[in-house]
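S.K.: So the chains spell out like this:
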Amino acid sequence: MAVAVETLRAHHTLWGDAFIRLRRNRLAVAGVIVIILLTLGAIIQPLFSPYGFAKQDLYSILQGPSRAHPLGTDELGRDVFTRLMAGCRTSLAVGIFTQVIVVLIGLPIGAFAASMGGRVDNLLMRFVDVMYAFPDILLIILLRSIFGGSIYMIFLAIGLVAWVNVSRLTRGQILSLKERDFVTAARAMGARGIYTTLRHLLPHALGPIIVAVTFNVPRAIFAEAALSYIGIGVKPPTPSWGTMIRDGYDLIFAAPYLVTFPALAIGILMLSFTFLGDGLRDALDPRLRR
Amino acid sequence: MSALLEVRNLSTYFYTQDGVIKAVDGVSYEVARGETIALVGESGCGKTVSGLSILRLIPEPPGKIVSGEIIFDGVNLLELSKDDMREIRGAKISMIFQEPMTSLNPVLTVGRQISEALETHLRMGRQEAHQEAVRLLELVGIPHPERRAKDYPHHFSGGMRQRVGIAMAISCHPQLIIADEPTTALDVTIQAQLLELLRSITKELGTALILITHNLGIVARYARRVYVMYAGRIVEHGPAVAVYHDARHPYTVGLLTSVPRLDEERKTRLVPIEGQPPDLLYPPQGCPFYPRCSHAGTCELEEGKELVEVAPGHYSACWVAQRGLTPWKWTSS
Amino acid sequence: MLKYLIRRILWLVPVLLAVAFITFGLMHLVPGGPWDREKQLAPQIVENLNRKYGLDKPFFIQFRDFLWNALRGDLGVSYSYQDRGVTQILLTGLPKTATLGVAAFLLAIIVGIPLGMAAALRQNSAVDYFSVFFSTLFASIPGFVLGILLVLLLSVALHLLPTGGWGSPKQLVMPTVALAALPAAYIARITRASMLEVMRQDYVRTARAKGLFENVVLVRHILRNALIPVITIAGPELAGLVTGSFIIESLFSIPGIGRLFVQGVFARDYGLIMGAILFYAVAVAVVNLAVDISYAVIDPRIRYD
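Residue numbers (numbering that gives the first Met the number 0), protein chains in the order written: chain U, 0 to 289; chain C, 0 to 332; chain S, 0 to 304.
Here are the computed lysine to any residue pairs in the SDA-like style, where the Cα-Cα straight-line distance is at most 20 Å:
1) K63(C) / R207(S)
2) K149(C) / I301(S)
3) K149(C) / R219(S)
Think of the hints as simulated: they come from the structure by calculation, not from any bench.
Given the sequences, and given the hints that come with them, work out the whole structure.
M.R.: As C-alpha cells, then:
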C-alpha cells in the first residue's frame with residue numbers, strides 16, 4: 000500500500016519568511032552591514048575625533064594619509080576622515096528624510112487616487128505624468144535655487160520631485176487590492192470583514208512600496224551629492240561628500256585622495272542600499288515563497 | 000520488411016537537484032512504414048519524453064538519453080553527429096506539438112514558419128518556398144491561404160494553429176511524424192476534424208505516425224497498434240482492436256473504464272483509478288502499477304517487468320495476465 | 000499602430016505645455032531677479048531693464064508670449080549673454096550633448112546586448128559570472144562616481160587621458176564610458192534574463208524540431224523575441240542617458256547644454272533655464288516615443304489597436 004508522507008513545514012508569517020530569505024542573500028546582508036557601520040561611524044566618529052570637521056589647521060594643509068590623519072588633510076588643513084564621516088551624516092539624513100517626505104506625500108496621493116477612482120484618479124495621474132516628463136535632477140536644482148536656505152530645504156526639494164513613483168505604485172497596489180474577489184465577498188458579508196482581510200493583504204501590498212523607497216534612498220543621496228558638487232547644495236561649513244569632491248577636484252593631481260574617498264563613499268553607500276533593495280525585492284516576492 | 004523505426008530499450012533520465020527522474024525506463028516499440036501506432040498513458044508517464052528522445056530534443060542538462068538504441072531506416076540515431084541529426088529533423092522525422100498557443104513563434108508570419116523548413120531541407124528559394132507554404136496551408140484546410148500566410152500566429156485560433164503545425168510537419172515529406180497529443184488542448188469538435196485531417200494526409204503521403212495521447216477513445220479508430228505506458232515503461236501493447244476489446248493489463252482496463260460512455264446508464268458511476276502515479280524519483284521495483292491495482296491480491300511485487308505475449312501479437316507485463324487470467328470484466332461492444 | 004502613435008504624439012503637447020508652465024512659474028518664484036549682480040543696480044535701472052525685456056508684464060502674458068515665440072523657434076533672450084538668443088546659445092551646446100548622448104547610447108548597446116547574450120548561451124560559465132558581476136556592480140554605481148574613478152585611474156595615475164574638455168576623441172572616452180556604464184549593465188542584465196526566458200519557450204523547441212540551423216534558431220527565433228523586453232525595460236534607461244549627461248558634462252567640463260543650464264541657474268537667466276529644461280523634456284519625450292515605436296515595429300502582436 001502506498002504510504003503518503005506528510006512533510007511538516009514550519010509555519011512562517013510573511014515578514015518572518017521574508018526576513019529569513021533576506022538573511023540568506025549575502026549581498027543584501029553585506030549592504031546592511033555597511034550601512035550600519037557607516038551610520039555608527041557617522042554618529043560616533045565626530046564625537047571622538049580630535050578634529051572638528053570645520054577646524055582648519057593651516058600648518059598641516061594637504062597632507063596625505065598618516066597616523067595623525069588617517070585619510071589626510073585638505074587644502075585648509077581639515078581632517079578628511081572627520082569630514083568624510085560628517086558628510087556621511089548629511090547623506091544618511093538626506094536619504095532618510097527625503098523618503099519621509101516622499102512617503103508622506105506619495106502614499107496618500109496614490110491611495111486617494113485609487114480609492115476615489117474616476118475623474119479624480121484621472122486628474123491626479125495626469126499630473127503624475129507631467130512630473131514624469133520633467134528631467135528630475137533639473138527640477139530638483141530649480142527647486143533648490145528657489146528655496147535656498149538650509150539642508151531641510153534640500154530635503155524638501157528632493158522629496159517634492161521623488162514622490163511620484165511611490166504614488167503611482169501605491170495607487171497600483173490599492174487598485175489591485177480592490178479588484179480582488181475577496182473584497183467583494185467581504186463586502187457582501189458585511190463591511191467588518193474588509194478590515195480584517197485588509198490587515199492580511201496590506202503587508203503584501205506594502206512590499207513593493209518598501210522596495211521602491213529603499214531604491215529611492217541612493218537616488219536621493221546622489222541628488223544631494225550632485226547639488227553640492229554643482230555648488231547649490233548644503234552650505235559650508237556643513238560638510239557634504241559632493242562639496243568635498245567639488246573643492247578637491249582642482250587638486251586632483253596633487254592630492255587625489257581628496258576626491259577618491261568621498262567618491263568611493265558615495266558609491267559604496269549607494270551600492271549598499273541598492274543591494275539591500277534587491278534583497279528586499281526578492282525576499283518579499285510572494286511567488287518565491289516556499 | 001524491417002520496421003521504419005525501432006526503439007530498443009530506451010532510457011531517458013533527468014538529473015535534478017532532488018534526484019534522478021527515470022522518465023523513460025527501458026522502453027521499446029516499433030513503427031512500420033506508413034503505419035500509425037499510438038502511445039497511450041496518463042500525463043507524466045514518459046510518452047512525450049520518449050517522442051522527444053527520438054528526435055534528440057531532450058534538454059541536455061538536466062536530461063540525458065542514458066541507454067538504448069533508436070534505429071531509423073537502419074541507422075542508429077543516437078550515434079549520429081549533431082549536424083546529421085539536424086538534417087533528419089523536420090525532413091525525415093518531424094513532430095507536431097501539444098500546445099498550439101505556444102508552439103509557434105509569435106513574431107514570424109505563419110507562411111515564414113512553414114517556408115523556413117523548406118528552404119533549409121529542400122533548398123528552395125524564398126519565392127518557391129512561399130508558394131509551397133501557401134499550397135500546404137490550403138492542404139490542411141486553411142481558407143484564403145495566400146492572405147493567411149502573411150498573418151501572425153495570434154491571428155489564428157488554436158485549431159487553426161495546429162493545422163499550421165501539421166503543415167509544418169508534412170512540408171518536407173517526412174517518413175515519420177510524431178504527434179504529441181496534437182488535439183489535447185482543443186475542443187472536441189476540432190479534435191475530430193484534426194485527427195481526420197491527420198489520418199487522410201498520412202494515408203495519402205504514406206507517412207508513418209506515432210500518435211501520443213492519453214485519450215484511449217481515439218486510439219481504436221486511428222491507430223493500428225497501441226502501446227500503453229505507465230511510469231516510464233510499456234505495460235501492454237498489441238493491435239489496437241485487441242487491446243481495446245480484450246485488455247490484458249489492469250491499468251489499461253482502468254483507463255478504459257474511467258471514460259464516460261454515451262451508451263451507459265446515467266446512474267453508472269465513473270470508476271476512476273485509485274491513487275496517484277508513482278513518483279518517478281523513486282520508481283517502484285517490480286510492477287509499477289501494483290500500489291493502485293485492485294487485482295493485486297494474487298501477484299507478487301517483484302513480478303511484472305517483462306512483457307510476455309499473452310495472445311497473438313499482444314503483450315502484457317501483468318503477472319496475472321501472463322498466467323492467462325483476466326479477473327477484470329471489461330468487454331466493449 | 001498609426002492611431003496609437005498619433006495619440007501618443009498628441010498627448011505630448013499638453014504634457015510639454017504643462018512642463019513649460021510649471022517651469023515658467025517656478026522660475027518667477029526664484030528670489031532675486033535676472034539683474035542681481037555683485038553691485039546692486041539702481042531701482043530705476045532695474046525697472047527700465049524689466050520694461051525692456053517685458054518682465055513687467057503680467058505673468059500669463061509673459062507666458063503666452065514665450066509660447067508663441069517658442070513655437071517659431073525663438074526661445075527668447077538670454078539674460079546673461081546679452082548678445083545672443085537662448086536658441087542660439089543652446090545650439091552651441093547641442094552638438095556636444097548630442098554627441099555624448101549618442102556615443103553613450105551606442106556603447107551601452109554594443110556592450111550590453113552581446114554580454115547578456117553570451118551569458119545566457121553559456122550559463123554558469125566564466126562569461127556568465129562575469130556578466131552578472133558586471134551588471135550588478137555597474138547598475139548601482141552612478142556615472143558621476145564612475146567618472147571620478149576613471150579620471151583618477153586614467154588621468155591621474157596613468158596619464159593616459161585628459162581630465163576633460165572637448166574637442167579631441169580622447170576627451171570623449173571617459174565621459175562616454177561613465178555615462179554608458181549604467182545603461183549597459185542594465186541592458187546586459189535584462190538581455191540575459193530575457194534570453195533565458197525565451198530559450199525555454201515551446202516555439203524554440205519547434206524551431207529545432209524543424210531541423211533549422213542553430214544560428215537561424217538563435218537569431219530568428221530566440222533573439223528577435225528576447226529583444227522585445229529589452230527594449231521595453233531598458234528603453235527608459237536610455238532616456239535616463241539624457242538627464243544623466245548633464246552631471247557628466249559638469250564633471251568633465253564639457254560645454255554642452257547641461258553646463259549651460261547650471262550657468263543659467265546661477266545667473267538667474269530665466270531664458271536659458273527655460274530653454275534648457277524644455278530641451279531636456281523634449282529630448283526625453285522623443286526618446287520614449289522612439290522606444291515605443293521600435294517596440295511596435297519588433298512585436299507584431301501590439302501593432303493593431
